[in-house]
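Chemist: Sequence:
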Amino acid sequence: MRVRLCLRLIAAAALAAAPGLSASAADPLLGLWKTASGETAAIDRCGSAVCITLKTGKHAGRQIGQLSGSAPDYTGEMTDPANEKTCSGSATLAGATLKLKGCVLKVLCRPQSWTRMEAGPYP
Numbered sequence: 001m002r003v004r005l006c007l008r009l010i011a012a013a014a015l016a017a018a019p020g021l022s023a024s025a026a027d028p029l030l031g032l033w034k035t036a037s038g039e040t041a042a043i044d045r046c047g048s049a050v051c052i053t054l055k056t057g058k059h060a061g062r063q064i065g066q067l068s069g070s071a072p073d074y075t076g077e078m079t080d081p082a083n084e085k086t087c088s089g090s091a092t093l094a095g096a097t098l099k100l101k102g103c104v105l106k107v108l109c110r111p112q113s114w115t116r117m118e119a120g121p122y123p
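Note that the working numbering has the sequence shown beginning at 1, numbered continuously upward.
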């Protein structure tokens, strides 16, 4: 009887934790990232895509990108918050590193590497 009760409690705890685990397991891109300039960026779901929003620095609160795809490769648009210019972008996830590239006319590209701070989802 005691064993069954313990198994039920373990199963209930696993089910309660599953929604949070499945969201981050579904897309490893979600979470907080340290940008090349040292700011914090949050990547979270926005509809069928993921949105990149700066959380710290001069442009905190500003959405700077929207990407779609699946791990490890994503494509979309990126905006330089300093000059409000938007270009095509891509991102490749490699462990705790996110390699981003913004391109104008697909030939003038500027790469950056970000480092994972915390996996999502987050409050």
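These are calculated hints, taken from the structure and not from any lab test. Any given hint might turn out to be false.
Below, a list of computed lysine to aspartate or glutamate pairs in the DMTMM-like style, where the Cα atoms sit at most 25 Å apart [to be verified]:
1. Lys101 <-> Asp80
2. Lys99 <-> Glu84
3. Lys101 <-> Asp27
4. Lys55 <-> Asp73
Chemist: For which of the previously enumerated hints does the structure constitute a violation, in increasing order of number?
Modeler: The structure conflicts with no hint, since it agrees with every one listed earlier.
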